[in-house]
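Trainee: Sequence:
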Amino acid sequence: MAMITMRQLLDAGVHFGHQTRRWNPKMKRFILTDRSGIYIIDLQQSVTQIDQAYNFVKDIVANGGSIMFVGTKKQAQEVISVEAKRVGQPYINQRWLGGLLTNFNTVNKRIQRLKELDTMDFDDASKSSFTKKELLIFRRERDKLEKSLGGIRNMSKTPSALWVVDTIKEHLAITEAKKLGIPVIAILDTNCDPEDVTIGIPGNDDAIRSIEILTKVIADAAADGMIARHSKGEEQAEPLAEWERELLEQGSEASAPESDEAKAAAPAKKTAPKAADKKPAAKKTEKPEAAPEAAAETPVAETEADKKDA
Numbered sequence: 037m038a039m040i041t042m043r044q045l046l047d048a049g050v051h052f053g054h055q056t057r058r059w060n061p062k063m064k065r066f067i068l069t070d071r072s073g074i075y076i077i078d079l080q081q082s083v084t085q086i087d088q089a090y091n092f093v094k095d096i097v098a099n100g101g102s103i104m105f106v107g108t109k110k111q112a113q114e115v116i117s118v119e120a121k122r123v124g125q126p127y128i129n130q131r132w133l134g135g136l137l138t139n140f141n142t143v144n145k146r147i148q149r150l151k152e153l154d155t156m157d158f159d160d161a162s163k164s165s166f167t168k169k170e171l172l173i174f175r176r177e178r179d180k181l182e183k184s185l186g187g188i189r190n191m192s193k194t195p196s197a198l199w200v201v202d203t204i205k206e207h208l209a210i211t212e213a214k215k216l217g218i219p220v221i222a223i224l225d226t227n228c229d230p231e232d233v234t235i236g237i238p239g240n241d242d243a244i245r246s247i248e249i250l251t252k253v254i255a256d257a258a259a260d261g262m263i264a265r266h267s268k269g270e271e272q273a274e275p276l277a278e279w280e281r282e283l284l285e286q287g288s289e290a291s292a293p294e295s296d297e298a299k300a301a302a303p304a305k306k307t308a309p310k311a312a313d314k315k316p317a318a319k320k321t322e323k324p325e326a327a328p329e330a331a332a333e334t335p336v337a338e339t340e341a342d343k344k345d346a
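Those letters in the sequence shown? Residues 37 to 346, by the working numbering.
Hint data in this document are derived by calculation from the structure and do not stem from the laboratory. Ideal placement from N, C-alpha and C gives every residue a C-beta, glycine not left out. Please note that a few of the clues may not be correct.
[What the hints assert, rightly or not] Listed below are the simulated PhoX-like cross-link pairs for lysine-lysine, each with C-alpha atoms no more than 25 Å apart in a straight line: (1) Lys193 with Lys145; (2) Lys109 with Lys252; (3) Lys121 with Lys109; (4) Lys183 with Lys168; (5) Lys121 with Lys145; (6) Lys180 with Lys121; (7) Lys193 with Lys121; (8) Lys121 with Lys268; (9) Lys110 with Lys180; (10) Lys168 with Lys151; (11) Lys151 with Lys193.
[Stated by the list, open to error] FRET-style restraints, in silico, Cβ to Cβ: (12) Met156 with Gln44: 43 to 51 Å; (13) Thr56 with Thr155: 50 to 58 Å; (14) Leu68 with Ile244: 46 to 54 Å.
Turn these sequences into a full structure, and let the hints steer you where they fit.
Mentor: Right under this line is the structure:
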């Protein structure tokens with residue numbers, strides 16, 4: 037369940053919709069009222085949909101899936117990039133390339149080309165077999181591919197679901213996802229069509245703070261799903277991201293001190309009773325002269341017993 041309150045949504049301006057003359061009648065059930073010619077979204081329904089989207093994304097990632105973050109409008113570009121990188125998920129924050137999902141095999145060839153260009157050293161022409169002009173052309177090609185495909189360079193297959201900011205602007209992405217049967221989770225402003233998405237969160241898709249808080253919820257769901265996947269010991273569909281390795285290392289380091297203390301305490305409990313049992317044996321000797329010999333034999337007996345235990 038997502039830990040988010042209506043107060044946080046209010047502070048972020050999630051409740052502000054579009055002007056009353058710009059709306060989709062299918063969004064009527066999510067609209068609370070209108071003020072000064074602007075629709076006000078019912079945040080109680082937003083909270084319900086947020087919880088549903090959170091659990092949906094968490095289950096997908098926990099079962100080995102991935103979530104593609106899509107937001108190419110100016111207000112969403114930085115947020116989409118930051119949150120997707122934080123949880124190691126693919127993202128598109130520049131222009132959506134036609135056929136990115138429906139023709140992924142061709143797109144994957146361009147991704148491999150990008151990785152190939154990344155291995156080249158463009159600064160030192162003396163170490164390369166190419167001329168400076170050729171290196172300049174390759175650099176420009178690399179920059180162009182990085183801009184359009186950099187967010188999905190580690191994606192080896194189509195994503196399991198899409199997180200979309202502004203369904204109207206990203207209609208190409210939604211159309212391709214629907215053709216492939218890929219579920220879509222999106223922010224639904226008052227001018228959007230709720231039938232285009234699998235799970236819609238009623239909210240403001242224009243304000244930066246609104247986009248940020250809702251995208252962060254989806255990213256947190258992906259993070260919890262990734263942790264749940266590895267805690268179950270399931271096979272991973274994709275390589276571990278850096279943040280995932282850090283989480284697992286922190287967990288192993290926390291358990292190490294406890295095991296060391298347990299090992300140190302165990303031998304102490306075993307040796308203490310043996311030492312106590314051996315000391316009375318020396319007092320049973322009848323001859324006073326034999327006492328030193330018995331005392332001398334005691335350490336030998338202890339060491340032999342210790343060796344047997346070892």
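Trainee: Against this structure, judge whether each hint is valid.
Mentor: Hint-by-hint comparison with the structure:
1. Lys193 with Lys145: holds (12 Å)
2. Lys109 with Lys252: holds (17 Å)
3. Lys121 with Lys109: holds (18 Å)
4. Lys183 with Lys168: holds (23 Å)
5. Lys121 with Lys145: Holds. Lys121 to Lys145 sits at ~22 Å (cutoff 25 Å).
6. Lys180 with Lys121: Distance of about 20 Å is within 25 Å: holds.
7. Lys193 with Lys121: Cα-Cα ~18 Å, so holds.
8. Lys121 with Lys268: Satisfied, since the Cα-Cα distance of roughly 24 Å is no more than 25 Å.
9. Lys110 with Lys180: holds (18 Å)
10. Lys168 with Lys151: holds (20 Å)
11. Lys151 with Lys193: holds (16 Å)
12. Met156 with Gln44: 43 to 51 Å: Hint holds: Cβ distance 46 Å, inside 43 to 51 Å.
13. Thr56 with Thr155: 50 to 58 Å: holds (55 Å)
14. Leu68 with Ile244: 46 to 54 Å: violated (23 Å)
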